[in-house]
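Starting from the known structure of chain A, arrange chains B, C, D, E and F on it as the hints suggest.
There are 6 protein chains.
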Amino acid sequence: MTRALIPSPIVATIDFAADGARHGFLRLPYSRDDSAWGSVMIPITVIRNGSGPTALLTGGNHGDEYEGPIALFDLARTLDPATVSGTVIIVPALNYPAFRAATRTSPIDKVNLNRAFPGAPDGTVTQKIADYVQRALLPMADLVLDFHSGGRTLDFLPFCAAHLLPNPEQEARAFAAVEAFAAPFSVRMLEIDNVGMFDTAAEEMGKVFVTTELGGGGTARAATVAIAKRGTRNVLAHLGILSGEAEPAPEPTRWLDMPSGDCFVLSEDEGLMEPMVDLGGAVAAGDVVARIHPVTRAGLAPVELRARLDGLLVARHFPGLVKAGDCAAVVAVAL
Amino acid sequence: MTRALIPSPIVATIDFAADGARHGFLRLPYSRDDSAWGSVMIPITVIRNGSGPTALLTGGNHGDEYEGPIALFDLARTLDPATVSGTVIIVPALNYPAFRAATRTSPIDKVNLNRAFPGAPDGTVTQKIADYVQRALLPMADLVLDFHSGGRTLDFLPFCAAHLLPNPEQEARAFAAVEAFAAPFSVRMLEIDNVGMFDTAAEEMGKVFVTTELGGGGTARAATVAIAKRGTRNVLAHLGILSGEAEPAPEPTRWLDMPSGDCFVLSEDEGLMEPMVDLGGAVAAGDVVARIHPVTRAGLAPVELRARLDGLLVARHFPGLVKAGDCAAVVAVAL
Amino acid sequence: MTRALIPSPIVATIDFAADGARHGFLRLPYSRDDSAWGSVMIPITVIRNGSGPTALLTGGNHGDEYEGPIALFDLARTLDPATVSGTVIIVPALNYPAFRAATRTSPIDKVNLNRAFPGAPDGTVTQKIADYVQRALLPMADLVLDFHSGGRTLDFLPFCAAHLLPNPEQEARAFAAVEAFAAPFSVRMLEIDNVGMFDTAAEEMGKVFVTTELGGGGTARAATVAIAKRGTRNVLAHLGILSGEAEPAPEPTRWLDMPSGDCFVLSEDEGLMEPMVDLGGAVAAGDVVARIHPVTRAGLAPVELRARLDGLLVARHFPGLVKAGDCAAVVAVAL
Amino acid sequence: MTRALIPSPIVATIDFAADGARHGFLRLPYSRDDSAWGSVMIPITVIRNGSGPTALLTGGNHGDEYEGPIALFDLARTLDPATVSGTVIIVPALNYPAFRAATRTSPIDKVNLNRAFPGAPDGTVTQKIADYVQRALLPMADLVLDFHSGGRTLDFLPFCAAHLLPNPEQEARAFAAVEAFAAPFSVRMLEIDNVGMFDTAAEEMGKVFVTTELGGGGTARAATVAIAKRGTRNVLAHLGILSGEAEPAPEPTRWLDMPSGDCFVLSEDEGLMEPMVDLGGAVAAGDVVARIHPVTRAGLAPVELRARLDGLLVARHFPGLVKAGDCAAVVAVAL
Amino acid sequence: MTRALIPSPIVATIDFAADGARHGFLRLPYSRDDSAWGSVMIPITVIRNGSGPTALLTGGNHGDEYEGPIALFDLARTLDPATVSGTVIIVPALNYPAFRAATRTSPIDKVNLNRAFPGAPDGTVTQKIADYVQRALLPMADLVLDFHSGGRTLDFLPFCAAHLLPNPEQEARAFAAVEAFAAPFSVRMLEIDNVGMFDTAAEEMGKVFVTTELGGGGTARAATVAIAKRGTRNVLAHLGILSGEAEPAPEPTRWLDMPSGDCFVLSEDEGLMEPMVDLGGAVAAGDVVARIHPVTRAGLAPVELRARLDGLLVARHFPGLVKAGDCAAVVAVAL
Amino acid sequence: MTRALIPSPIVATIDFAADGARHGFLRLPYSRDDSAWGSVMIPITVIRNGSGPTALLTGGNHGDEYEGPIALFDLARTLDPATVSGTVIIVPALNYPAFRAATRTSPIDKVNLNRAFPGAPDGTVTQKIADYVQRALLPMADLVLDFHSGGRTLDFLPFCAAHLLPNPEQEARAFAAVEAFAAPFSVRMLEIDNVGMFDTAAEEMGKVFVTTELGGGGTARAATVAIAKRGTRNVLAHLGILSGEAEPAPEPTRWLDMPSGDCFVLSEDEGLMEPMVDLGGAVAAGDVVARIHPVTRAGLAPVELRARLDGLLVARHFPGLVKAGDCAAVVAVAL
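Chain order of the listed sequences is A, B, C, D, E and F. If you're matching positions, the first sequence starts at 1 in the working numbering and goes up one per residue. If you're matching positions, the second sequence starts at 1 in the working numbering and goes up one per residue. If you're matching positions, the third sequence starts at 1 in the working numbering and goes up one per residue. If you're matching positions, the fourth sequence starts at 1 in the working numbering and goes up one per residue. If you're matching positions, the fifth sequence starts at 1 in the working numbering and goes up one per residue. If you're matching positions, the sixth sequence starts at 1 in the working numbering and goes up one per residue.
Okay, chain A solo, but in the shape it has when bound (with noise of 0.2 Å):
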């Protein structure tokens, strides 16, 4: 039997089709040494009313990020049905294990959900997930909102983002939602690699695909929560799926490029992180954007890591300790 033939593990407990607000679940079994017959338990939010476009909105790809989670589980509670005109579909938490464990992966598989996709319905569990969502999920949505931020090893400046596309009209939907979003930064990604990626399998589908990354270290701030949430009901608004106008922000949005593998600053050393640059600063190429001590003596100095383009400082690395081989920062480039 072929993978597309293995029926979905997942149940879902609610009824995607029927108008009004339902909370459920997608039951996965799990069967494991502390529970024979358990199953993983992802709630879901389903509001409907009519016929109008459908929204996929998901967060804790990344167990760690948690804008997205927050402004999603509040949305789910308090989206009125009424002011709806379609579908929203919201899952404030898809890897569900990750989120409850804190992680960036599952803490059953030790799998990143976001480069699982398409995903196997006989996988492991995140494989089951990545299955569902491309096999279940998808289909039914118009665009997809997938949250992310920095996570406990990483920290962003504030963005919004959608890929370059080789279907020009497909792009230009995307970067109108990015617009539409209207954090304080927008993005134009070229992904170097994206074999595996939710964006890649929505993408590929012909859906709008519309990322985010906002904040990071493993925590979410007023800030970025009042971002998420105004950009969620921004997107909907876009879409016609929300009904009223769409909140503007307090500053036009900044939109900025990664040009090149230029743009990322790697650790080739290990040791203690002194950033000389905070999120947002100026940066001229060859300046030192982060110091890297050596602690194993007092008294050594310290490796200095440098800024090969002109631009800011859109992201870093966030413990204070570094390992060899991580980013320790990204330079972006305004458009």
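Please note: incorrect hints may appear among the correct ones.
Restraint ranges, calculated between C-beta atoms of paired labels, are given here [claimed, not checked]: (1) C:Asp-193 with E:Gly-123: 54 to 64 Å; (2) D:Glu-247 with C:Pro-259: 36 to 46 Å; (3) D:Pro-29 with C:Gly-280: 41 to 51 Å.
Think of the hints as simulated: they come from the structure by calculation, not from any bench. Ideal Cβ placement from N, Cα and C applies to all residues, glycine included.
Just chains B, C, D, E and F, lined up with the frame of chain A:
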């Protein structure tokens, strides 16, 4: 043999009494499964020039706090003995096993060094470190500057602080050193439960003890590192150890008070924490400072956590998820 | 400062002295790597009406025993203060960290609460719980009913029990309460090694202390939960705290004795345990009560474990595999 | 090279074709950090006398289920070849690493052997075991008796079972063997999701496949062991392998059915499970079979779990705590 | 996209084609919970001078074997390009995560690199390393010298070895290189199960592949390191890459054979291993080479393990305790 | 109750006072999560014949040292009481949990038994073992022979040793026993830090205490086991307990001294250790005895570790990797 008579097993590989700059180790023998005749090697630097006062500068009392270690590894390497009058003892990562593990407590014995004083020469590894500080380092010092930040689970507005003390003269000298440090904020602390703290050990010996909280989340920022570096040099200049003028802060420090247990906003529930106010934000008694969203289902109402007095938010729980019993936020009052 | 003078760090969030039903927590500050300012929150309920006697009802002394917690969480929610004369203090899961982890001992410090009395206010988390019981809860109580079952590794016939005591009057009151509990079996216990037990702490303070063993294996059955619920209400009625008549048991309780160490059948070998007699079965001295099959090869003869006196099987090792030194079975004698 | 051509790495240390009783091992080379040239040694016994049919008897497919291993280690040692006509292959603990670890799945690869068929000769350790059974043991067998019980997290009424099959003759032979086993209960099973099961592998090869559920909780009782021993000898007698009469059960077996997914009572909530009905108890549709008490606070109402059809309780979640998504109870219908 | 078309994610930070000595890394992106944008950094050195043959020298295929890494880190630092004609590619610790963890297999995926060939560009970390060797490094090489020792759980007489091959010319070149290595012992190996080995991958590509076993126990000795250093330079000289004469060994190498599975002495029992013969000792078929003492009781007789052919002891189980299924000793035959 | 009055919880299952050979256990009750009523069972053998002196022979004080346990399990089984005059108490694996885990310290409490004397009857498992030795076994003994080797992380030249003692008569008897043991090397030890050692406990009670270091690396060799067996019988013969002549060593023992802390060569750096001298090799002050290669990059120079006095190498760090603070080598001086 009483503990006071048991010699410390820790041996310093450098001479505290000679002039110049010396980098070495506090070597603590530690026999264990993976090294029968192994040791913990704690880096230490002594910079001495003549007979002036002695400052003991310590970071890494908690192993996941980084402004102190960055400033002190940097100072140890760059402080020119010719600019010094007296002695500067620098231990950039006092609970070195915790620092290497990036954890608050020691991975060896799970002991919180800052509750382990006066320590024990025949105790666990962390208790031996405390005992060495108590009996070998503290007696040499006139002033102690012990760096703290929030660590992986708390985040703070950057402040320098000292305790209200029974001895007004000792207290005055401590607050003068805090003023000299010139952090953005300064705090007069009344410690409720000070048993076992490094602070208490030093103060009971009559030393001037100054501490900080300079950020948190298990990271450091360029801005907070700059505060730590400037403050350290300012305190040394204030003591007359470092020649030259103190560097003024960009803005005068703002003094704060934590008048009672009402400062602390506790969560009785576990869940996803939505901060409603960011660090430094003004709050009034009764304001919701955070909401705790249940995550076991979608559609459930969050619990609201409210401030109990007027002030500004000086600290908060950092991770996106909160456990029952965690301190969610701290409100301080301007003096 | 002697330990008796160190205040307990545990704070109750409710008032023990007011009338009515109150649900709250014993909050125990617990600073650790994953929460610098965290706490253990132990649920507690106080139900009070006027000035009658005080009963302290505790479950979860061991964290993998369930009849007590089920009966007590249920009682806490349903007991009407109007039916009470006096005070009922209910702590359904006393070693709360162990209860949440479903383990006998605390996952934090691996301490067995029932060997930790009188505890220590500056000790480990479990020692702090014992100290609070010793110094804050026990002095308020006239009677203690502390629920036990076999936990994950033992299984028991359901019985209520009290100890033979030097004070005949105190002993008589305890056995009267056991009789009132009306379990299927009742046991007069002579504890050989009672150092550190909750029982001993309470008895030395002159309290009436009643305990149970109501099943085991890390589960509960409808039948054993019913025994716990009925017994609890019967003891409260017996004390005059609960109005109304005691509910008689379906059959009179059968009193048992464990006269000596010969009751215990120990395995000196590890292997696969084949029980030859089930709980409640009659055995004669010399009977094989279990066989231990070696599992490293097929074809090896099992070791036979034999009863050393006549009686009935009141307890047994629960898991399918047995380790050298485990108690395989216990034989008690009818009185 | 396709997998079918890769030889199994497992080597049997005994000859399957010679008459008499032989005890040996299935040796599976397993190179790992703690033994570069190590092996998994799975005990096996072959008892053969002449050319009759072959029964394959297996226990320990899941490593925490004990009636099968006890009955089979005992049978391997005591079965006299002179009483046999044909061949009995006994593997008392098929997933031997899981059996030694007392866990459902293998501690080596976390694979559930009963979902690993047909296995892979170049896969993980558990997949290699499945492949050896598939390609070496199953082809030799006429009948397979594979013992199961509930394991550490489920408990069952004792029953023997076979599947509804597309081939009526094969199905009839299987149900006849179930009847011969003479357990207290017998079940006709319609497996919904049978991918990867040992059962399916054997049935697709045309073998008579009989299985059991004989208790659970990670233990065995004298009563359930007796059922397993009697059933094994009865099935061998039924096949004509063992001379002598079958031993009748004390009472005729009662046939049960699990007609649909409505048999299963699932908990959507985590908490403390209060069973309201014990195994074997009669239930009507709508009856509360269990209550799930929240444990984060005292005073909260439990969630009630209700039967969805009339019948008797044949299985239940065993541990005292339940997780969201666990099967709490199973209701079967008398035929 | 077939795997052959997926590019390796590994990037070399140095140029393989330029003359001179270059030290760099094979950088393997590895996103994980503790570093979202992290990498594995495998040190590599390329020393090139003109257009001669290319030798690929690898250590740390297994992470707990040390003669190779010591000789190769040393060679990488000291080999003067001026003395070279051709190219020397040095990877001192090929399975770098295993090498840092001092374990045979990778701590990341538990994969044995030497059974992972040809690897997979989209597989686990270890499979990605194998794939890079297969597709990027091997095609450049004329000869591969892959260092092994016994690791933590085996100990070997020091020998160099090559395989019997179907191509006599290729085989002859390999044995000539072994002879040039000039280890105390040399072995002609017939690999029974060579699926997935680095050796097989190289040999199938027509390369000359030479390997070693130079000691073991998870350590290195001055004497075995000297063998590794001398052998490496001798092989490079033999190939004409290194100018100068080969250094003769103190004594001529002794050629050994492992003619069949009878070489291996396996323990079916766990216990305390008493070696009766040390490495290099002469044994006759039937000699007791080790005794396995049971350790569960005193007074039990040990199991005796006997050699099955005449020869000398070339390898043994190293740790003091042995598990069932471990290889206790290996007997080889002088040619 | 002072500790001296608390009885040991350990019970011996055999009679120390009866003639003949008896094998049994020291049973130490140990309640834990995986066995509520479990025990540690330490094998012990007593061989007695009449009223002569008593020797206490112990192995496994550290759990990863094997010459002692092998010699003593063997002796316990084979020593004929008829050849004995007096009593031989044999505990082949004193820290039995550590011995089963193959670790230096106990896996239960991480305590090093050889630093736990005099122990505590109400302490951890290891402290209870020490207390039983102190209060029950030592008082019975005239001589103690406590076997040590290097364990997994050290390797030693084989020697027998005793301490310089304040009492010259006691010291002379100890060195006479060392001479009788007839190891290849004999050492006069001046213990700097002897707090908590078994040695000290025995010597303070006036006993003759003899110890050994017979190899290491977590293994045993035929040659070192032979030394242990011969030495044991020689010491028993020397005491007059064993009839017959002592077996002379092949060569006279060579006496060594460790005159000061200069014997110890410490590594301040972590890395890959290249030994430059093997055990028994002659070294002169200033010789490089080991080099520590950095492993984070290729091409870095190693750190050289030099001897500080003339002598021969008697011990070395065993694992291939070294940590900062490890003892890399020990140089002793011939007497």
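Tested hints:
1. Look at Asp-193 (chain C) against Gly-123 (chain E): about 56 Å separates their beta carbons, and that is inside 54 to 64 Å.
2. Checked against the hint of 36 to 46 Å, the pair Glu-247 (chain D) and Pro-259 (chain C) passes, with Cβ atoms roughly 39 Å apart.
3. Under the hint 41 to 51 Å, the C-beta atoms of Pro-29 (chain D) and Gly-280 (chain C), about 48 Å apart, fit the expected range.
Of the numbered hints given earlier, the model fails none.
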